[in-house]
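Here the structure of chain A is known, so what remains is to put chain B in place on it, guided by the hints.
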Amino acid sequence: MKLSLQAGRCEGYGLCEEAAPRVYRLPESDNEDVELLVTDVPPELEVDASAGARVCPVAAILLTR
Amino acid sequence: MSRSHLVVVGASIAGVTAAESARTAGFDGRITLVGAEAHPAYTRPALSKALLRGHQSAETVLLPPIDAEAETRPGVTATALDAERRRVALSDGEWIEYSELVIATGARARTLSDLTGTGARTGEGKERTLRSLDDALELRLALGSAASVLIIGGGFVGTEVASACLEAGLRTEVLTLDSRLVPQLGDDLAELVTRRAIAAGLRLTRVAGPLEVPPGQGDLHVVRSSAGQHEADIVLTAVGDQPNLDWLASATMRRGGGIVVDEHCLAAPHIFAVGDVARLITSRRVAARTPFWNAALDQARAAGEAIARGRAAAPYQSRPYFWTEAFGLAINIAGPIPASGRLETLEGDLAAGSGLFRWSNGHGRTAAAVNHRLPIRKLRALASSLAQPRKG
Numbered sequence: 017m018k019l020s021l022q023a024g025r026c027e028g029y030g031l032c033e034e035a036a037p038r039v040y041r042l043p044e045s046d047n048e049d050v051e052l053l054v055t056d057v058p059p060e061l062e063v064d065a066s067a068g069a070r071v072c073p074v075a076a077i078l079l080t081r
Numbered sequence: 009m010s011r012s013h014l015v016v017v018g019a020s021i022a023g024v025t026a027a028e029s030a031r032t033a034g035f036d037g038r039i040t041l042v043g044a045e046a047h048p049a050y051t052r053p054a055l056s057k058a059l060l061r062g063h064q065s066a067e068t069v070l071l072p073p074i075d076a077e078a079e080t081r082p083g084v085t086a087t088a089l090d091a092e093r094r095r096v097a098l099s100d101g102e103w104i105e106y107s108e109l110v111i112a113t114g115a116r117a118r119t120l121s122d123l124t125g126t127g128a129r130t131g132e133g134k135e136r137t138l139r140s141l142d143d144a145l146e147l148r149l150a151l152g153s154a155a156s157v158l159i160i161g162g163g164f165v166g167t168e169v170a171s172a173c174l175e176a177g178l179r180t181e182v183l184t185l186d187s188r189l190v191p192q193l194g195d196d197l198a199e200l201v202t203r204r205a206i207a208a209g210l211r212l213t214r215v216a217g218p219l220e221v222p223p224g225q226g227d228l229h230v231v232r233s234s235a236g237q238h239e240a241d242i243v244l245t246a247v248g249d250q251p252n253l254d255w256l257a258s259a260t261m262r263r264g265g266g267i268v269v270d271e272h273c274l275a276a277p278h279i280f281a282v283g284d285v286a287r288l289i290t291s292r293r294v295a296a297r298t299p300f301w302n303a304a305l306d307q308a309r310a311a312g313e314a315i316a317r318g319r320a321a322a323p324y325q326s327r328p329y330f331w332t333e334a335f336g337l338a339i340n341i342a343g344p345i346p347a348s349g350r351l352e353t354l355e356g357d358l359a360a361g362s363g364l365f366r367w368s369n370g371h372g373r374t375a376a377a378v379n380h381r382l383p384i385r386k387l388r389a390l391a392s393s394l395a396q397p398r399k400g
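Protein chains in written order, with our numbering: chain A, 17 to 81; chain B, 9 to 400.
The shape of chain A in the complex, shown without the other chains (with noise of 0.2 Å):
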């Protein structure tokens, strides 16, 4: 699984980091994108790459197979 952020679409409402800690960071900085701390997910992080993505408000985060 790949994960990557869609340009431009992130807003900063932090729902990915407060879902799934272990795979979104929001920065110090609250005007820049969340970190993703993981883009070729391990198995063991899938489930929690997918429950942050499909919190976010925008859909800003794109997930791959």
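Hints are all accurate, no fakes.
Per the computed footprint, the stretches of chain A lying under chain B, defined by three or more beta-carbons under 8 Å from a beta-carbon of chain B, are: (1) 40-50; (2) 57-71.
The calculated label-pair distances, taken between Cβ atoms and stated as ranges, are: (3) A:PRO43 with B:GLU355: 17 to 23 Å; (4) B:ALA257 with A:ASP56: 47 to 53 Å; (5) B:PRO218 with A:SER20: 47 to 53 Å.
Calculated from the structure, these hints are not laboratory results.
For every residue, glycine included, the Cβ atom is placed at its ideal position computed from N, Cα and C.
Just chain B, lined up with the frame of chain A:
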């Protein structure tokens, strides 16, 4: 039935999250997800915001499909519940048995004829509302060839649509019962949004009493109110939502226009309800429905966990969080609304439309970030101590 079978009725964010959470928490039986729409789950809050304003394709609002091994039944609705025999009837004629049931059937847009005393529409014409992805795509298409729009209702959806319409250069009028847009946000924020809307060219008309809709066929173009006659190329009704409970015959399941659930989102033995249909009962009262994105997520997580772990699961706790985007304002709110009481400016200037603000009142503290990006974690920390984030 030898193996446990979780049946989830409703396949949008609440239903998918309940199924996923049950699986993650250790539920190892079968899962069946029944959903009325042909689309996979999508982000509904984006429909009246980015999707309506932009030229993005429908795919851009779709969410990742369910990961948990599950059978999905798109385009199928539940038509009856037989709680005694633990089974649900489906629109394709089948009865499916469950060991646990999650009701996540959500809500539909309320129409003028749902509102008693506002004048039912007697014609055959379709009343335009905005609730589903298909509604949004149709509305966007229609706006593309229209010059004017009349929106009935000045809540979140009405206000966001009005903003998109003005941005697209349409003559736009909103009819409201209140003197301001989004009154549910509280006086200070409602005033800010309304001021910006008027400056952007919105015609805001306060009406009293019932609206009159002339009988007729085809699309609605004319509405009469206490303020006179209103005409537009497109008329959109945005007067709230109505939970989808019609398929539940039992009165105990639909008390006061919702399904009453406990802190594990349990409504009756083996039956959970989450999202727009659910009303939480506490020792003090039965709360109103909370048809909002985050409430649906939190309830679905609580129900999923309870399906796997029973009473040992973490209970649902209300942690209100809302956002809206209109007239150049992006507003995120943590804590109960309306945000009322004494206004505290933590940063910026509310009249200028940006900064961080907080209100203290009888039911706690509410924080709002206006045109100021702030993750939910930080906004919650600024808000009520009654809404501590749950670990996990």
